[in-house]
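> Here is what each chain is made of, one letter per residue.
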Amino acid sequence: MKDFILPPKNDRDMGTPASRSTTMVTLRIDGFDVTVPEGTSVMRASAEAGIQVPKLCATDNLEAFGSCRLCVVEIDGRRGTPASCTTPVADGMVVHTQSSKVRKIRKGVMELYISDHPLDCLTCSANGDCELQDMAGAVGLRDVRYEAVDTHFQSRQNGEANPNYIPKDDSNPYFTYDPAKCIVCSRCVRACEEVQGTFALTITGSGFDSRVSAGAAGDDFMTSDCVSCGACVQACPTATLQEKSVIELGTPERSVITTCAYCGVGCSFKAELNGDQLVRMVPYKHGKANRGHSCVKGRFAYGYASHTDRILNPMIRDRIEDPWREVSWDEAFSFTATRLRDIQAKHGKQAIGGITSSRCTNEETYLVQKMIRAVFGNNNTDTCARVCHSPTGYGLRTTFGTSAGTQDFDSVEHTDVVIVIGANPTDGHPVFASRLKKRLRQGAKLIVIDPRRIDLVKSAHIKAAHHLPLRPGTNVAVLTSLAHVIVTEGLADEDFIRTRCDWS
Amino acid sequence: MKVYLPRDAAALALGANDVAEALLSEARARGIDLTLVRNGSRGMIWLEPLLEIDTPEGRIGFGPVVPEDIAAILNAPKTHLKALGLVEALPWMARQTRLTFARCGVIDPLSLEDYEAHGGLSGLRRALAMDAASIVVEVTQSGLRGRGGAGFPTGIKWETVRGATADRKYIVCNADEGDSGTFADRMIMEGDPFTLIEGMIIAGLGVGATKGFVYLRSEYPDAIAVMNEAVVIARAAGLLGASVLGTGPAFDMEIRVGAGAYVCGEETSLLNSLEGKRGVVRAKPPLPALQGFMGKPTVVNNVISLATVPVIFEKGAAFYRDFGLGRSRGTIPLQIAGNVARGGLFETAFGLSLGEIVDDIAGGTRTGRPVKAVQVGGPLGAYFPRSKFDTPFGYEEFDGQGGLIGHAGVVVFDDSADMLSMARFAFEFCAVESCGKCTPCRIGAVRGVETVDRIARGDADAIPLLTDLCETMKDGSLCALGGFTPYPVMSALTHFPDDFATTRKAAE
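From first to last, the protein sequence lines are chains A and B. For the first sequence, this note's numbering begins at 5 and goes up steadily by one. For the second sequence, this note's numbering begins at 278 and goes up steadily by one.
Derived from the structure by calculation, the hints contain no laboratory data. By construction, the Cβ of each residue, glycine as well, lies at the ideal position given by its N, Cα and C atoms. Please note that the accuracy of each hint is not assured.
[What the hints assert, rightly or not] Some chain B residues judged to face chain A by a derived CB distance under 8 Å, without partners named:
1) A722
2) T744
3) D745
Here chain A stands alone, though its shape is the one from the complex (with noise of 0.2 Å):
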């Protein structure tokens, strides 16, 4: 159902982030004009205007790099070629993406790319779904006439072990590595740092030698601080970084938008198929939980979309001392819903209702308590995320009028100050946490009020300014002293509060 009740979205790639800008410009690319937000990308830009500059090293999850050299174009009044990726528009600026001066370097790259990658693409397991092999087309690469002597792919050189080659690492239960194909658009390290910000892995070596490496030598993905997020992989445009589902079972031909119920976070996912052959999970670039990003849960861990455990067909048994009995929808419905109604004629209305589980979406939960109010006639319903969720709700419907979050996911990128109290983001919800990180390395403030030293206290590029590893059951105690001090102290922003909160 979910499917048809999401707006089609493009997915894209513009190539580089958006611009939050409000003040707008326009340029000229290719004879189009373009308006965009100040701060754009020309490569961006171009999109926005439906024209796809070539590149490789840039996607728009993560800042422009500007290394694969592909996207060079002509600016009017500008010297040289400038990369579109990493030059923003400006006001009347004439961008031409297609001159025949920029062709012959993209060209030129492409062969420098090709004289270094292994001619298997027809049994790669990236066949049809790689930006190399797209890249090599866009730019009408026909030859490569350099006779290359050092290579990463040749396993051997005239009889000789190649020193440069390094075997695949299938260390990893979900995905490998295979450096013969890698072409170091360092995308893998970025989306590593900027999207999961675990900062696993670097490249090692320079020039040439320039390889992506899961940390120090001798590590591999496995002994690696990797937590198979897995936004590596999806950076990837090559087969270097494959999902073993891919490479097992083929390219996906079709896809599916669904929520992942691991956790409350509820991020978005297409989920990738062959038929009904789940081939790959990935995370959808326009879900507003997870803007394009999972963990290894949702990504990697839907073993139960075909384990043998699972229902497919709806069972019911009269006695419980009973064995279940497969039988139609049909059958199913109207026995359930005789028994439900002969309890409710035989104790009343009030003797049936409904819970649901945390594992489920909002829809679901709308769905049952609207049937218990609506079918049932009673107000019996209830979730089981009230557990852990009461307390919180309870104060949330004081303070704010409402039990729920009074902000969405997205707000964590304007926020300055963060205080986590009783939560472990890392562990409990980690693609909320890796956008928590994300913004604490920009620089916002974070506070921890926890027993516990948990990973936000102090990990890769983030430190806590303040851990307060309170006494396990004086929560309330530390909120009720600092609300006290708020108020006694007059620190309290009475025509904020009086604006926002109910105030009496």
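Starting from the structure of chain A, add chain B where the hints point.
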């Protein structure tokens, strides 16, 4: 008796410390009251170790001195075989216009009194009386351009930083002098460190920065030692600290040592390295002037640019601007090296022709064979044949001839040089020093070596491929390392086609 013997690394490499030891023990034995000043080098490297004895007429020089010469020099200085007469009157010295290097080799590098006695700090005192905007205007009007190689107008860079709003700004001195055949940065740091410190303070006053860093290459242990000592002395004298000379705002600085990567001389890699990150190039924009060290507005200037600032303030922008030609104003410290009779540092106004520099000043080749090629501007500079010797030394003038002046290193080759090997070396150098970020440099340098090897084997098809590769690297690279490697390659191919053809014939 006051004598001078350089502590400059070039002099040390040629045995200056052994000479100093011999001198001191001989003086002790003879009961001579000897004051030995370990100065910087005068820049006449072929005369190092250059011993100077102070006389009422001026300083007379002896060189190159070995320890065995000391006794004879002390016995009869004027008639000694290695006596050179008054150092200032030597043609090499007399022909120069020493502005940036006025004190280098003259004073005790670590004596602030000596520094002040020779005009030091007068520029800073003048700057302290000016407002920030006027300081930047003075630099702009002097016509000073980046001496690191790019030749960007220093005043415009400073104005960008001055105009940026930020809670903190920085002055970063690029002392990662990695170009082969260059040594001006090292010489000034070893011979007159306070002039760099003074220049950085004035830059700080001009743009509103309170902290400076010198990013100094690890290969210069002597310069590191001198600069560190100089900073301590400057701090003790109140030149650096909470208030510059007790009247100005705060300015302090640190010497940071690199880790041996040539590409860290590129300003954005340098900033990454300074921040403790991998020394890889950053894409521009953002310009370091707006988002530099730690994301704050930062002036990144070469040693010589900053060390020239004090003399501009001491003598005025107009004085400095009046030297030079075209848009290349003031003086340039030429560093003459390679196969030359006389190598060393020669500071002169822009405008000398390359021929004058190579034939007159350097005196031709050391081997006595004809000059074949001159590489100006370090390993990324073009090779100029004799037919281009009338090119005047200036930014635009060299650019117009398909070359660059870079950091003003001049390396001379005689007719035994094989230019195909030199083209191969250019790629090899690029391959070794590439940071590996951008594709044209990372893969192109390696393919370049292989393609030159094909040409050497007589494969004529490889020549157009080499030309195409150079075009890809020149137009496609992220920074000057990949972008300028084609200069030595293409100039070798263009001006010395025989070296690319004869090997082919030999193979046939």
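> Where does the structure disagree with the numbered hints, that is, which hint numbers, in rising order?
Number 2 only.
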